[in-house]
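*Asks:* Each chain is listed here by its residues.
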Amino acid sequence: MTALRRIGPALLAPLLAIVTALVISGLVIVLIGESPFAALRVMLDFGDTPAQQTQAIVVIVNRAIPLFLAGLAVSVAFRMGLFNIGVEGQYRLATIVAAAAGAAVALPGPLHVLLIIVVAMVVGALWAGIVAVLKVTRGVSEVISSIMLNFIALGLASYLLTGPLRGSPPGASIITTAEIPESGWVPGLNGLLTGVGLAEPRTEMYGFLLVAVVAGLMVSVLIKRTRFGFDLRATGLSPSAATASGVDARGMVLKTMLISGAVAGLIGLPDLLGTSHHYGTEFTTGLGFLGIAVALLGRNSPLGIALAALLFGFLDRAAIPLQFEGIPASVVTIIQGTIVLAVVIANQVARQITRRQAERGSAQAVAPPSTGNGSTGGGQRPGGGPPPDDGPTTGIGTGTGVRNASGDARQGAGA
Amino acid sequence: MYRLDVGEDAEERPPDRATSAPGGSPNPCDTHRTGPEETPLNEPAPLAVELRGITKRFPGVVANRDIALRVRRGEVHAIVGENGAGKSTLMKTLYGMHRPDEGEILLDGKPVTLRSPSDAIAAGIGMVHQHFMLADNFTVLENVVLGSEPTRGGRLDRTTARRRIREISDSYALGLDPDTLVEELGVGDRQRVEIAKVLYRGARTLILDEPTAVLVPQEVDELFGNLAELKREGLTVIFISHKLDEVRRVADAITVIRRGTTVGTADPRTTTAGQLAELMVGAELPTPQKRDSTVRDTPVLELRGLTVVAGGRSVVDDVSLTVREGEVVGIAGVEGNGQAELVDAIMGLRPPTSGAVALAGADISGWSTRRRREEGLGFIPEDRHRQGILLEAPLWENRILGHQTRPPSVKGLFIDRKGARQDTDRIMREYDVRAPGPDTLALALSGGNQQKLIVGREMSARPRLLIAAHPTRGVDVGAQSVIWELLKDARAEGMGIVLVSADLDELIGLSDTLHVMLRGALVATLDPARLTPEELGGHMTGAREVDA
Amino acid sequence: MRRVRGMKAAALLLAGSLALAACASDEPEAGGGNGGGSSAEELKIGLAFDTGGLGDKSFNDSAYAGAEAAVEALGGTVEENLQTLSPNDDASNRAELLTQLAQQGFDPVLAVGFNYDEVIGDVAADFPDTTFAQVDGANSDGSKGENVTGLLFAEEQGSFLAGVAAASKTETDHIGFVGGVESPLIEKFEAGYVAGAKAVNPDIVVDVSYLSPAGDFSGFGDPQKGKLVAQGMYQNGADIVFHAAGGSGVGVFEAAVEAGKRAIGVDSDQYLTAPPDQQAVIMTSMLKRVDNAVEEFITAYADGSVEGGTDVVYDLESEGVGLSTSGGYIDDIQATIDEYRQKIIDGEITVPTTP
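Chains as they are written, first to last, in my numbering: chain V, 289 to 703; chain Z, 468 to 1015; chain U, 429 to 783.
Same shape as in the complex, but just chain V (with noise of 0.2 Å):
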């Protein structure tokens, strides 16, 4: 019961969503003169054998799980309050330097990927300790510096693609790094698949679902259970109270890029190590953004955002058969976008019913007056304000003719 009084309003917020972005995207669907049901009945229908559902899941997954990372990195700064816009650029810049790396090296197979994985992490987390260098020792605001530092970022990915790091022949239509030797792969998850019984799909599953897993988890102790986890979650809610309480705002605030950057950078790998096995100027662009939605999507935890990244590989997908349906792809990116912004509100409403309930719930806890055991009774104050003043109560008199008229004594005012 608790339990689910305490998933209840998480679970709210998003359905609400995307119940509200379903209906708002029938209606476009209807302007445009097709039929909303035979819509959704395309985006429910995976295929009609076997290996064509087991490949639509794969094709959700794989999508899904970049999807992830990129959320999971939005959401550990999110948690402190800080908004790193700058994902795009730290995962470009982190998959083409983890690309080279890996071509330029030749290595056992586990070990080849580990250095694959902690290159693109390393650099990830120093594009992002840049923003929170500026951040701590300039008080420069990290989302405008985590924007620029996305432009800095693409160019000099661009650079180190046609310069330095270029590995394809000159005149081919895509620039890409060099090949990284097949130790370096990482192989895919249809044997896991064919293994439980489901018919073997067309393309791999990217075996990377398992680091992504891996990171999940972590990313989840880390922020749940650990000391750590919580003068960021402390810094998050209130940096005044996490201050007073003993939390270096500025060690906070560097370490928390870091992590998020160290992830961030994790975001190419499925693809780089699955199926492309370099870097190239064709390499999908553009995760960093969507993983801010995702992060939203999910509020932060990352089982929600492993939720949210699936209904976007689902929605993606659909974009296919609904084209063969004669509806145009971009209701998929209406739908997206109206989940997200319905989220935003969802969210705010969602946090209202909270706080309801948790007043209500206090007010349960309070003895009731029958037990005359001077019980004052239940907290009934909308939360939000700072309580009323209710000043020496010592019926003396002289207790509240002292304060200072200058309007600085005021006691907590709630303008």
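Be a bit skeptical, because a hint or two may be false.
Restraint ranges, calculated between C-beta atoms of paired labels, are given here [what the hints assert, rightly or not]: (1) V:GLN636 x Z:ASN604: 19 to 25 Å; (2) U:GLU747 x V:PRO452: 27 to 33 Å; (3) V:PRO396 x U:SER646: 39 to 45 Å; (4) V:GLU488 x U:LYS771: 54 to 60 Å; (5) V:THR621 x U:GLU500: 29 to 35 Å; (6) U:THR600 x V:GLY451: 29 to 35 Å; (7) Z:VAL730 x V:GLN636: 38 to 44 Å; (8) V:PRO458 x U:ILE773: 34 to 40 Å.
Source of the hints: derived by calculation from the structure; they are not laboratory data.
The C-beta atom is built at its ideal place from N, Cα and C for all residues, glycine as well.
We have chain V; now place chains Z and U onto it with these hints.
*Replies:* Coordinates of chains Z and U only, in the frame set by chain V:
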């Protein structure tokens, strides 16, 4: 900020008093037929508001039970009670924000049903909230008409609005200029804008929820002047407060509410504050009574020439003091004289410009806040919402706050959830924190319970030195005495305490040594054993500086 | 309806030179394979776009126009016989687009853009009975499979002529080039343009600028930036600017209008689609007839004459690239242009493909 549900129907009922001239109307909401001047003083005036047997239940709790309230037309009627006694619930019922489960509401003797604040406004009831709901960048006029704008041809009719607001302002001596921006107004003026807003919508009965909480004494006087004007014009004021002196000054009648029900009425002319307080808490009022001195020789905190410069001036100016084991050192002073900065400097939240801080003999000037806490500094902050708790976190996480590196809340690098929950349970028990359990969000607790949690948490770490800044501010009488007892017990066990307070009785009653802080400097050291609140007040304002 | 369409198909069959056997089967895949023919009834053309999708007013739309023309010429309709797929916003599902088209029985499947280089080979291998084609993608060595045809353009040859035109018409001996994205493909435009200009006037100054670096495709859809860069060139003394920047080209035209200078369009005859004030400044356009290539490929498929495993190169000789003459601004130098054109066709001039 602005409540959009306010004033939807106001246009239908202009507040022009001419329309409420005596005359029959079938509309039960259309009340206020009788001018107060017609009522002879000796005869009881008709009841403007009467509540009979109001009961309001929330799931699992009865917030209001069998409430009886009789408010006569043209009086200031105070409702007093402790925090959480059910005053707010009652007022929400009267303002239509929720409906009672039992009982009836009568306005001018006629039963009414209030489904929403709009109904209440239509029935002539207005509410002035404790926290103002004004748009800063709007003018007084715009704020007042917001939600019930007079229009002419689809555009805001400023001329009419301005004339009406001037009329209201003049009738009740509110002294408002319709074209001033609200952001340029002081707190007192803002409150008058709120009052004007309610009057503009035609209210004949005003509910003022803790109106003096945000005011300084002069502004309180002004407010009471305004209330007198309202009364003179025949309006009814329901005044919610727990400041007994103010209540006795301004009210014509008092209803006391305790534990969700009305326990009695009192005549302010014949009732003492003590009697009222007794009625409120159902027991004798606690006052801090000092026990024998427990001061030992070992100093726990020594400040040497501590100076904090901010904005080009010394907000803390060369402060030196010593706190010994078992000693309570009080810092008295009018707020804003550097007490907050002094506390911050001791806690390591603000770097001192010069001077040294020593804890148990060790120079801690260069230590981080965390290390200071680990080495035995406890902290009850002045503003608990800002520095003391995480409102949106459960109690057990608030138990950890400030003690992130120490058992029982942590195990190594990890949070010990079980340990923290168990210890939160213990604190809730031992320190009388009333809450459903450790998983309750802190925001669900009343101010007093939040403060008891903070006190319990800080005490549990057994600090060598506790900084208690306004430890009983904003808590009810019951919690106040609990906190006082806890501080005294801790002192007896040898804890050194720095007590910063604006409550003179608290300072005199608890301190072993009293310093007076004025403009950043300690200007007097007094013996609380031979000090009256009046004398201390004189020192604080600098009037007695020469004598000291 | 179906009867009518069926009759049309029959008429088409008669007109076509193909054996009737192929259309006897109802199996969608049956007509596939290299050199297989098809009727309009069975013609199910799949067209997969690149970033931007349908409605990009650039190469995607051009490819669509070609497919549309082919379908209609064969007696079919766009609704019945042509299926287009646009990729998602970041175009990460290119492989999936081709797979889905092939899986649903579309044949031929055309991919638009060199970005399909990475994926088309894999998909083609999975569907050996389906005929694929890739616009801007080379398969001369057959490495993408025997069922893939590359539809290539000699952009450098057309650009060479644009350079000749610009160098002949400039009054300041100073011209400019605005590339969308600094990719090998756009560099081909630059290389040809510069070579053409230098051929006329070895001392000519050519300003070259790209709107976005490799890997960042924003340069094809950023008119604001295109305008800014072109403004800089005009202020710098250039009086003719050639753009190979897709949607950003509008900005170049705007800058030309404001500066009172001239510009050269790209891909299609942009004079025809420009508003009147811009028509005055669009001296010519370097034509890259993606539409023609797509149309011809589909027609060839219907004829059963697609070879596969090779490239079809659209150059000056085959009139896959060239210069437009709308507006008549280059009529006076037509002789010069034709002279260079002939030299390139004859192999007297070899145009470089890299700057």
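*Asks:* Indicate, hint by hint, whether the structure satisfies it.
*Replies:* Evaluated hints:
Taking 19 to 25 Å as the suggested C-beta distance range, the pair V:GLN636 and Z:ASN604 conforms, at roughly 23 Å. Checked against the hint of 27 to 33 Å, the C-beta distance between U:GLU747 and V:PRO452 comes to roughly 41 Å, which is inconsistent with it. Between V:PRO396 and U:SER646, the C-beta spacing of about 41 Å keeps the proposed range 39 to 45 Å intact. About 57 Å separates the C-beta atoms of V:GLU488 and U:LYS771, a value consistent with the hinted range of 54 to 60 Å.
About 30 Å separates the C-beta atoms of V:THR621 and U:GLU500, a value consistent with the hinted range of 29 to 35 Å. The hint said 29 to 35 Å for the Cβ distance between U:THR600 and V:GLY451, and at roughly 33 Å that hint holds. Restraint check, Z:VAL730 to V:GLN636: a C-beta distance of roughly 40 Å satisfies the suggested window 38 to 44 Å. Restraint check, V:PRO458 to U:ILE773: a C-beta distance of roughly 26 Å breaks the suggested window 34 to 40 Å.
In this structure, the hints that do not hold are numbers 2, 8, in rising order.
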